[in-house]
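S.K.: Using the hints provided, position chain P relative to the given structure of chain Z.
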Amino acid sequence: MNTIYLDNVSATPLHPAVKEAMVSYINHEFGFGNPVSQHHVGDAAMEALEGARKQVAQLINVEPEQIVFTAGGTESINHAVKGVARARSEKGNHIVTSNIEHNAVLGSLRMLKRLGYRLTSLDVDEYGMVDPADVKKAITDETILVTIMHANSEIGTIEPIAEISELTRERDILFHCDAVASAGVVPVDVEEMGVDLLSLSANQYGGPSGVGALYIRPKTEIWPLIHGGSQEGSRRGGTHNMVGIVGMGKAAELARKEMSERTEHLLKLKQALLDGLGTVDEIAINGHPTQCLPNLVSASVAYVEGESMMLMLDQEGVCISTRSACASGSLRASHVLLSIGLDHATAQGTLIFSLGVTNTLEEIERSLEIFRSTVATLRNISPLYRGKTVG
Amino acid sequence: MYSEIVLEHFKNPRNVGKIEEADGVGEVGNPVCGDMMTITIKVKDDRIDDIRFQTFGCGAAIAVSSMVTEMAKGKTLDEAMQITNKSVAEALEGLPKNKLHCSNLGADALHKAIMDYYARKEGRPIPEEKIKLEHIGRTEEHCYCPYCDLDIPEEVPYCADCGKPTVKHHHH
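Residue numbers (the working numbering), protein chains in the order written: chain Z, -2 to 388; chain P, 688 to 859.
Next comes chain Z alone, as it looks inside the complex (with noise of 0.2 Å):
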């Protein structure tokens, strides 16, 4: 049985250079090393962390010193979102975010709101869109930060940044961006977007999993997450995870460099997968149609449930990703899905498939083969599709 992966929003493969600048680190005779020794030792190592520093700063168009490595892109929102909010509880005690953001944003909110912070969470449209006018609305005198993502990772539609932060920054008001599913897929140009705080990792676009990174602008009020030593410029205690912030540095390294080659065959392949879902009866794709990210189609098939179709397609060697209640763990359909809109029944009958630079047209047109047929065996099971006269 073939693997085909169709799950990179989840983690990507290791791009093959990156593997290797990995293992060629690990065999170093200095690969042990601590950056922060002072020693030859130390040195070399200092060296090879601020080369990937200087690596991921370039992906997203900032200065070095400006980076803060993390142990991935989760860290790096929790570190944003309570360090920002600590740090200026003095100005003020208002938050706003969006209704669909990822589960990093929401918990480190709940927890500051337990502390006494007020939250104002927008609506989004059907496509999962935020409307910078609400933004305006709900910013007041007490609101010291708004944290939106660039790119949502159950339905791929990318958020008007720069519109939002045109309001955060005429306001003494700070803007975390939370580009995770995004940073290294499609262009995150923090200058154009204008934002004060962003949070990426590695692992979508060839890198490790378990290593991120915090962009903080100068002058940023922020506490630590993780208190320590001197690292980090004292920002982000506890001794680097060298292999993976040498892989991070890689991956963005060939990330910037060969984004628009990439985007170009991953939007052949993109429309090669929209094209064959669109011949299956009774499926709706969700997310935004040209605001989107050019690797993730979310697809919503009538009268099945989303783990089946998942361990079907497994069980055929296709790895896709679902956000059925059943699938996550818990008995909620996803907050993404039913803040677009989508009653629980069809949220549960949807998939994520996402594409990487590895996967190939062969590749998308066996995945839609097998697709269709297991589609057709559970709607042959399900009992709501018995009843349904198809056409």
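Be aware that a few hints might be false.
To be verified - A few chain P residues facing chain Z, derived, Cβ under 7 Å:
no.	residue
1	V703
2	Q741
3	T742
4	C745
5	G746
6	G761
Said to hold, decoys possible - Footprint (simulated), chain Z over chain P, 3 or more residues, beta carbon under 8 Å:
no.	segment
7	714 to 721
8	838 to 851
It should be emphasised that the hints constitute simulated quantities derived from the structure, not laboratory data. The structure displayed is predicted, hence computed values, not measured ones. A virtual CB, placed ideally from N, CA and C, is assigned to each residue, including glycine.
M.R.: Below, chain P without anything else, positioned relative to chain Z:
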């Protein structure tokens, strides 16, 4: 994640379909929860002569449906009433912990179909409270934070919001 036997029943489900002019029909769950199951039975000499299922749900729910129909087929109605959600899960060599709620549908749908058969035979409708009692697909113990007054979907020892210990709680 799933046992071999669960995957086998999922891939090759037995007794799929709907018996036209069935002697008893049992329906449990709803698509909102992510699981819905309909069992139809044909009864001959107090035995389950034929049984079919239709399920909207996850892999575990489909495997449970298939297994419960296999277990019930050919049994007397009394014997079939002895089949429990637990015995179905055991026949499948266990289900992942977070999938146990799916297994609660199988025997419930079967029992409802049998009760529907008796009701039709005696020419009286099933009392409403009895129907509700059989709707036990979601009444298993679940995790709850008494400090936040919050149902927690996963079974976790501590509440992610307040950090205090969670307790077991019953719905309704």
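S.K.: Next, verify each hint and record whether it holds.
M.R.: Here's how the hints hold up against the structure:
For V703/P, the interface hint holds, since its Cβ comes within 7 Å of a Cβ in chain Z; the closest pair sits about 5 Å apart. Hint status for Q741/P relative to chain Z: holds, with the closest Cβ pair at about 4 Å, below 7 Å. Interface restraint check: T742/P against chain Z, minimum CB-CB distance 6 Å, threshold 7 Å, status holds. Taking 7 Å as the C-beta cut-off, the interface hint given for C745/P holds, the closest approach to chain Z being about 4 Å.
Taking 7 Å as the C-beta contact cut-off toward chain Z, the hint placing G746/P at the interface holds, the least distance being around 4 Å. Using the Cβ-Cβ criterion of 7 Å, the hint placing G761/P at the interface with chain Z is not satisfied: the shortest such distance is roughly 22 Å. For the segment 714 to 721 of chain P, the stated coverage by chain Z holds: 5 residues have a C-beta nearer than 8 Å to a C-beta of that chain, and at least 3 were required. Coverage of the segment 838 to 851 of chain P by chain Z holds [criterion: at least 3 residues with CB-CB distance below 8 Å; count 5].
Violated hints amount to a single one, hint 6; each of the other numbered hints is respected by the structure.
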